[in-house]
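In the order they appear, the protein sequences are chains X and R.
For the first sequence, my numbering assigns the number 473 to the last residue and increments by one with no breaks.
For the second sequence, my numbering assigns the number 1243 to the last residue and increments by one with no breaks.
Watch out, some of these pointers could steer you wrong.
For lysine-lysine, the following BS3-like pairs were computed, each having C-alpha atoms within a straight-line distance of at most 30 Å [stated by the list, open to error]: (1) R:K1002 to X:K27; (2) X:K470 to R:K1002; (3) X:K374 to R:K1002; (4) R:K1183 to X:K26.
No lab work stands behind these hints, which were simulated from the structure alone.
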Amino acid sequence: MQSQTMQFKARAGQKLADQRLQQNLKKLSTKFVTGRAAAIAALDGFEDIRDAAVRRRNLALNTLDVWLERFEAEAQRRGTTVLWAQTPQEAADLVVRIARKHGCTRAIKSKSMVSEEMGLNAALEAAAVQVTETDLGEYILQINGNEPPSHIIAPVVHKDKEEIADLFAKVHHTARKTDIPEMTREAREVLREKFLAADMGITGGNFIVAETGSVALVTNEGNEGMCTILPRVHVAVTGIEKVLPTLEDLAAVMRLLPRSATGQSISNYFSVLTGPRRSGDLDGPEHMYVVLLDGGRSSLVGGAFAEMLRCIRCGACMNHCPVYQKIGGHTYGWVYPGPMGSVLTPSYQGLESTQDLPQAATLCGQCQVVCPMKIPLPDLLRKLREQQFERGLRPGMERWALRIWGYAARHPWLYRPGARLASRVLRLLGGERRRVQHLPGASGWTAYRDLPVPSQTTFKQQFAQRAREKNPS
Amino acid sequence: MKKRVGLFITCLADVMRPSIPMAAVELLEAGHFEVHVPMAQTCCGQPGYNSGDRRTTLALAEKFLDEFEGFDYVVAPSGSCMGTIRTHYPDVLKDQPDLLRRFAAIQPRLYELTDFLVNVAGLRQVTGQFEGEVTYHDSCSGLRELGIKHQPRQLLSLVPGLRLREMEQCEQCCGFGGTFAVKYGNVSAAIADDKCANIQATQARAVVLGDLGCMLQIEGRLRRQGDNTTQVLHIAEVLTGRH
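The task is simple: from the sequences and hints, build the whole structure.
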């Protein structure tokens, strides 16, 4: 997927002005934040469970190569073909080749963010393979001109029922419905034909399990079962960091994923798929493939951002992010939004084209508090800021301001008169109202808020005066 | 003999709101501590640290050690400045074994003001009075980096006449975020709007908090929206009646 992060600021402004979106984004705090809080409160020993899961993820990632090779061997032993891709483009090409090899022309797909990295739908369409998204949210986006998802687990969170009602009436050529069960039934009827006609099913992979060569899928709508059982060929695409050594590891992280994501103790559907249909099996695909994407992940191993690899894509960081709650996922401009995306996107796409992402955070720390994998997201954002600073990527004005501040802060003989001067200037600008409403160089502040004027004397002056009065010498 | 407390004023309060550190001095002296204010102090380095300038931050961390390591305690009337010092200096100093050793010696004696007043000074009574309801905003760094939650509430319960009325989402960020507030002023203000609405919904006379950055953000936004009545007060001001 092409990154559009360069337009961050312009898009943020548009999103803030979009009253409908602002209303829709409130779902994040009323639904996801409260849902997670209740689910975590109901879980005995959450902190211990979290620590244990973090340990398991770290152990797996510390010897990532070992577990990936084990996964490949175990999966192939059970009849699954494992393919490796360095880049998202290569991964998309592999899926296209699988389709060609088996003569597939109609693919059905369950939700996968890795496939968004790959731009998979466009690649398949270009190869004359018709693709249908079958997760309801993803389906809505697909029929709305291939709109990208704005959230990693709730792709259509930015839309409301009314918008979707309009869209269904337009695209399905049916009477407009606003009753959600009726709307869902309408989508299901459209999708049913696609399910039955499909010759290829594409899914993501929430985890892959090395000891059994399995792919684990966490979903809520049942479409995933259709995608993995009905068509002749099943292709799972996922990132190399998703490997877990054992089924016990899977159980450990599964105690956290649905609770952190949607506040469910377990998702409606949880599948562990191991190999294609065996003789005697009643159903299942004839061929099963797993395409494993690097896409920049291996470059994080052992480095300053290695902890990011623990991410299990629950979305809790964005649900709880005050910035995401205001600007929505599309503003971030690539596949992954919110705090985790603001670390991943610069890591995968380079800092030059993602200038705003590490900066557009208040560093309030709530993302780290709720992250089931204890990823220190604010620290990682700060590390990216360090790289921006060291490589001189920030605007000249900002670098100069920082340099002047830094020099003054290190030299008290300059700092004290400087502080007094600043105080005097602010008082002058504040005038009789005693509030500054326009401050050159800091219009980002004064365009939206007043600035009170400082008092006549600094604390240091007052304290020195007080000391003189107490001990007249 | 009285224990010696070094007061870290915080650069913002020195200029913008001297009543905060002055109230801190009063509270500490009332607790029978000898308060010292090193006059060469400037800033903890947080603006540099959060902007990626490690070198300046390191220089300021060393300067802090030079100025403050001789005291029995160091107290700051700000969760975000003390959060930078107590929580982040270990990272700032990580490649400087000597400085790190000096820091480790002082780390257990570093306190945010309300934490110090409750857990070290054991403050039992205050001089401030307040007639009516206030609501308390938990500033992010104090809450999440230093665990400041019950301390300010315990202290507010000592103020005669004051009643605490909690707001919705009192732990949600106000949108300040340091330079973020200037770089993304519109996003920052939109976040502040939710905070202001939650404050106003309590109908409290004042919102009380422990960080000047958040105070400027909340007060600035309230005033710009035309709310000239809701007071925005630092907890030290409330405890001493300096408002």
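Do the hints match the structure? See the list:
1. R:K1002 to X:K27: violated (54 Å)
2. X:K470 to R:K1002: holds (18 Å)
3. X:K374 to R:K1002: violated (42 Å)
4. R:K1183 to X:K26: holds (24 Å)
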